[in-house]
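Asker: Sequence:
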Amino acid sequence: MDHEEKLAAAAEAKERGTKFFSEGKMRLAVDKYKRVVELLEHEKELEADQQTRRNALMVAAHLNMSLVLLKEGETVASIEQCDKVLEINPDNVKALYRRAQARQQQNDDDLAIGDYKRVLELEPSNKAAQQGINVCQHKLAEFKRAEKQKFARMFDKFTAKDIKAGLEQNNASPDAKKSSEDIGTSQNGNDHDMALPSTSEGC
Numbered sequence: 268m269d270h271e272e273k274l275a276a277a278a279e280a281k282e283r284g285t286k287f288f289s290e291g292k293m294r295l296a297v298d299k300y301k302r303v304v305e306l307l308e309h310e311k312e313l314e315a316d317q318q319t320r321r322n323a324l325m326v327a328a329h330l331n332m333s334l335v336l337l338k339e340g341e342t343v344a345s346i347e348q349c350d351k352v353l354e355i356n357p358d359n360v361k362a363l364y365r366r367a368q369a370r371q372q373q374n375d376d377d378l379a380i381g382d383y384k385r386v387l388e389l390e391p392s393n394k395a396a397q398q399g400i401n402v403c404q405h406k407l408a409e410f411k412r413a414e415k416q417k418f419a420r421m422f423d424k425f426t427a428k429d430i431k432a433g434l435e436q437n438n439a440s441p442d443a444k445k446s447s448e449d450i451g452t453s454q455n456g457n458d459h460d461m462a463l464p465s466t467s468e469g470c
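Each residue of the sequence shown is one higher than the one before, starting from 268 at the first, in the working numbering.
Possibly wrong hints are sitting among the right ones.
Stated by the list, open to error - Ranges between beta-carbon positions, derived for each pair:
1) H309 / K338: 24 to 30 Å
2) K406 / H309: 40 to 46 Å
3) E272 / Q372: 35 to 41 Å
4) Q318 / K406: 55 to 61 Å
5) Q398 / A419: 27 to 33 Å
6) S392 / F418: 37 to 43 Å
7) F418 / D350: 53 to 59 Å
8) E388 / E279: 34 to 40 Å
9) K311 / V402: 38 to 44 Å
10) F418 / Q372: 26 to 32 Å
11) S289 / K415: 14 to 20 Å
12) E388 / T426: 45 to 51 Å
13) K417 / Q372: 32 to 38 Å
14) I430 / K338: 52 to 58 Å
Derived by calculation from the structure, the hints in this document are not laboratory data.
Even glycine gets a Cβ: it sits at the ideal position worked out from N, Cα and C.
Build out the structure end to end from the sequences listed, making use of the hints.
Answerer: Structure representation (structure tokens):
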């Protein structure tokens with residue numbers, strides 16, 4: 268196939284993929300979007316108009332695949348598709364927002380916030396991105412609070428153990444033992460002096 272034939276076939280595959288997606292046939296939709304990429308991925312030396320159409324089809328295919336994968340919980344694969352879009356267009360808002368969603372699902376909240384902030388730079392009125400930032404920041408604050416409490420409990424536990432170990436060591440020290448032995452010797456000596464032989468024995 269020449270360039271025009273591949274572009275036409277890719278456009279048809281993209282339309283069929285969108286139809287399958289609207290019908291809830293996600294796997295079939297992904298297959299069609301993959302077909303778009305297979306047809307156009309290695310197309311080089313295109314005319315300006317052809318390059319524009321090629322990029323638009325590739326972006327649509329990768330974006331739609333990222334959406335399907337995100338819905339199915341395949342966050343790593345979804346992020347990979349978003350990255351493909353951003354290679355073509357670094358300022359694609361949909362790819363940035365969707366990658367932020369995937370990263371948020373992975374609990375990579377710092378990275379998600381970075382993507383959400385980039386969306387707001389491009390679209391300052393994007394309420395969904397601002398809401399995403401708020402949710403991620405709340406999660407991070409809760410995590411830090413829980414970690415602080417955990418380490419505080421660990422510190423208290425170790426401090427109590429150290430105190431107990433110190434007391435046991437003091438009780439087992441040579442000075443403590445010597446003092447105990449001196450007391451024992453003194454008591455034994457007094458008992459000996461007081462034990463007088465009975466006058467009734469041996470008569």
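Asker: Work down the list of hints and note, for each, if the structure agrees.
Answerer: Tested hints:
1. Judged by the Cβ atoms, the range 24 to 30 Å given for H309 and K338 holds: they are separated by roughly 29 Å.
2. Range check, K406 to H309: Cβ separation about 41 Å, and the 40 to 46 Å hint holds.
3. Look at E272 against Q372: about 39 Å separates their beta carbons, and that is inside 35 to 41 Å.
4. A beta carbon spacing of about 41 Å between Q318 and K406 contradicts the range 55 to 61 Å that was offered as a hint.
5. Separation of Q398 from A419 is about 32 Å and conforms to the stated range, judged on CB atoms against 27 to 33 Å.
6. Take S392 and F418: their Cβ atoms lie about 41 Å apart, and the range 37 to 43 Å holds.
7. Under the hint 53 to 59 Å, the C-beta atoms of F418 and D350, about 36 Å apart, miss the expected range.
8. Checked against the hint of 34 to 40 Å, the pair E388 and E279 passes, with Cβ atoms roughly 36 Å apart.
9. Distance hint check: the CB atoms of K311 and V402 are about 42 Å apart, consistent with the given range 38 to 44 Å.
10. Taken as a hint, the range 26 to 32 Å holds for the pair F418 and Q372, whose Cβ atoms sit roughly 27 Å apart.
11. Range check, S289 to K415: Cβ separation about 48 Å, and the 14 to 20 Å hint is violated.
12. Restraint check, E388 to T426: a C-beta distance of roughly 48 Å satisfies the suggested window 45 to 51 Å.
13. The given range of 32 to 38 Å is broken by K417 and Q372, whose C-beta atoms sit roughly 24 Å from each other.
14. Taking 52 to 58 Å as the suggested C-beta distance range, the pair I430 and K338 conforms, at roughly 55 Å.
Of the numbered hints given earlier, the model fails hints 4, 7, 11, 13; all others are met.
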